[in-house]
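S.K.: Sequence:
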Amino acid sequence: MTGLDPRLLPSFVVVARVGNVTRAAAELNLTQPALSAQLQRLEAQLGVTLLHRTRSGVELTAAGEALLRRAEEVVALTELATAESRAAAGLDRLRVDVHDEALAVPREILTRLGRMRIPMEVSAIGTSEQDRLLLSGELDLALGGRRRTPLPTPLPTALVETHLVDEPLGVAFARDHPAASAEAVDLAALRDEAFYLPRRSFSPDWNDLVETLCHDAGFSPRIADIATESTRLPMSLVAAGRCVAVSLLSTPVPSTVALVPLQGVADFEWTVRHRRDARHTVYDAVAAMGG
Numbered sequence: 001m002t003g004l005d006p007r008l009l010p011s012f013v014v015v016a017r018v019g020n021v022t023r024a025a026a027e028l029n030l031t032q033p034a035l036s037a038q039l040q041r042l043e044a045q046l047g048v049t050l051l052h053r054t055r056s057g058v059e060l061t062a063a064g065e066a067l068l069r070r071a072e073e074v075v076a077l078t079e080l081a082t083a084e085s086r087a088a089a090g091l092d093r094l095r096v097d098v099h100d101e102a103l104a105v106p107r108e109i110l111t112r113l114g115r116m117r118i119p120m121e122v123s124a125i126g127t128s129e130q131d132r133l134l135l136s137g138e139l140d141l142a143l144g145g146r147r148r149t150p151l152p153t154p155l156p157t158a159l160v161e162t163h164l165v166d167e168p169l170g171v172a173f174a175r176d177h178p179a180a181s182a183e184a185v186d187l188a189a190l191r192d193e194a195f196y197l198p199r200r201s202f203s204p205d206w207n208d209l210v211e212t213l214c215h216d217a218g219f220s221p222r223i224a225d226i227a228t229e230s231t232r233l234p235m236s237l238v239a240a241g242r243c244v245a246v247s248l249l250s251t252p253v254p255s256t257v258a259l260v261p262l263q264g265v266a267d268f269e270w271t272v273r274h275r276r277d278a279r280h281t282v283y284d285a286v287a288a289m290g291g
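When we follow full-length UniProt numbering, the leftmost residue of the sequence shown carries the number 1, and every step to the right adds one.
Simulated from the structure, these hints should not be mistaken for laboratory data.
Each hint should be verified, as a subset may be incorrect.
Taking CB as the label site, the calculated pair distances span [claimed, not checked]: (1) E183 - V74: 57 to 67 Å; (2) E121 - Q40: 32 to 42 Å; (3) S236 - Q32: 50 to 60 Å.
Every residue gets a Cβ at the ideal spot worked out from N, C-alpha and C, and that includes glycine.
Turn these sequences into a full structure, and let the hints steer you where they fit.
M.R.: This is the structure:
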């Protein structure tokens, strides 16, 4: 028996929690053979069998149960020591993408995170890049909406999505539009309007959401011929009567634009995503957000 390599313990803890090597490998961003090799090395170092394979996955042996209790303590203490050391050196920054910093929910989230007194790097890069940056470790937290289109892009198994708050949707009109003074508007009544959407490469999930809402209302939306990298529409286009736009009710609008609540549709579900193996600071931040 050789000395125990503590670097193998986090993988063992995940396998014990998940109860399945394949799912644990996906969560750890490892191949199954690589994870199996780590477990075999750990067993060889200890000279005991830690896991028994079953039809549905794996189960801990008595030796595995004993190791798990201490392994969880070691992993937690290691993460805490790392976080405290980085914080003391001014390196423990939360890298947060808020999707659109002008909206009410992201502003409130940033206020709550600010109370943690942890340095932050804030970006608004859009949903198309968020998952990639989370998986690569270049981003810690990403705000966005729950994917609820008929065939949503599946969330990578290495990421966790937590619901934060719901926000009603509305439609932005020019002030002289017949619907601008309405208390609420039915999307089906807007089938002849041109709809503004941001460039798909910037916010594919939002575009899919708007198109799905229109299809559910019985029509395919006619898209305005101008797109930008913003979920906040170019208000000058709306004010000029060139298009309307589905938007969150917290979207800032000028006096030349009316934002009317959209009736008969579900609220927008704000969520935050992060890696499953994120450090404690990230989980603390999610709790501070209200998730």
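S.K.: Do the beta carbons of E121 and Q40 sit within 32 to 42 Å of each other?
M.R.: holds (39 Å)
S.K.: Could one say that the CB atoms of E183 and V74 fall in the range 57 to 67 Å?
M.R.: holds (59 Å)
S.K.: Are S236 and Q32 spaced within 50 to 60 Å by their CB atoms?
M.R.: 54 Å Cβ-Cβ, so the 50 to 60 Å window holds.
Consistency note: the structure conflicts with none of the earlier hints.
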